[in-house]
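Novice: For the protein sequence lines, the chains are B and Z, in the order given.
In this text, residue positions in the first sequence follow numbering that gives the first Met the number 0: the first is 0, and each later residue adds one.
In this text, residue positions in the second sequence follow numbering that gives the first Met the number 0: the first is 0, and each later residue adds one.
Keep in mind that the hints were calculated from the coordinates and are not lab data.
One copy or two, either will do: identical chains are not told apart, so a pair holds if it fits within one copy or between any two.
No more than 25 Å apart at the CA atoms, straight line, and that leaves these computed lysine to any residue pairs for SDA-like:
1) Lys10 - Gln116
2) Lys25 - Met0
3) Lys108 - Phe78
4) Lys108 - Glu94
5) Lys10 - Val106
6) Lys108 - His123
7) Lys10 - Ala64
8) Lys108 - Gly92
9) Lys60 - Val75
10) Lys108 - Ile87
11) Lys108 - Val91
12) Lys108 - Glu89
13) Lys108 - Gly86
14) Lys108 - Val8
15) Lys108 - Cys124
16) Lys50 - Gln61
17) Lys108 - Ser90
18) Lys47 - His37
19) Lys47 - Lys60
20) Lys25 - Ser65
21) Lys60 - Ala45
22) Lys108 - Leu120
23) Lys50 - Arg101
24) Lys60 - Thr18
25) Lys25 - Val67
Protein chains: 2
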Amino acid sequence: MGTVVVGYVPKPEGEAALTAAIAEAKLRSSSLVVVNSHRGGESFDAEKSAKAEAELDAVRKQVEASGVEFEVRQLVRGFEPAEDLIGIAESVGAELIVIGLRRRTPVGKLILGSNAQRILLDAHCPVLAVKSD
Amino acid sequence: MGTVVVGYVPKPEGEAALTAAIAEAKLRSSSLVVVNSHRGGESFDAEKSAKAEAELDAVRKQVEASGVEFEVRQLVRGFEPAEDLIGIAESVGAELIVIGLRRRTPVGKLILGSNAQRILLDAHCPVLAVKSD
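Looking at chain B on its own, in the form it has when it is part of the complex (with noise of 0.2 Å):
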């Protein structure tokens, strides 16, 4: 069984992301890891924690009512998401890796992160870049 890896934040993008990795998960026959990555330090509080959590949750009943074998990774530490995204694809060996590219507000103009550059330029597998609405 093939593995789908997507990078998640409780964002627009992120939900896209999450949308279209269990859409390929589905496709493909595939089992889905969800990484969520967050900077740790002081700025990461108990009520920070919490909110995280309970977005996972969410993450986790939608992918769970899609049938999609899967599991959830959350990464508090000092790495760049990148890193980490593209770390776990290798270590999984993964076939795909699905991203969302942000917008930058407020007119809505995407634009291509530090982060998007380098999981495209870096992972070892094909990586799908997607868009919210």
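Take the given structure of chain B and dock chain Z to it, following the hints.
Specialist: Same frame as chain B, now just chain Z:
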């Protein structure tokens, strides 16, 4: 029936994109549109034109062997390849665009060229980015 659109150039990244696009079209039971853009002008002489035609014949044979329904669109004109690809993807209501990321010789380091960036940001559908081996 959905449509997958792939940007093809007769280089390792183009071959990687074509191979991935054929697999994606099969997986999705979609048809495939292979887009090959050239800048025209004086540097595109009869010899180069014949070479390009021979390359596209090889592409046709490869896709035919896969059993995927397809068409090849060769564009020789002044637009940037990114514009051609995005325009065609939009006109056929593509569900997916596949592009190859090129390696900068001689060290093989990858770069995100302006065409790739443009397609990733401006495409109206998900973009699958693949690399040559």
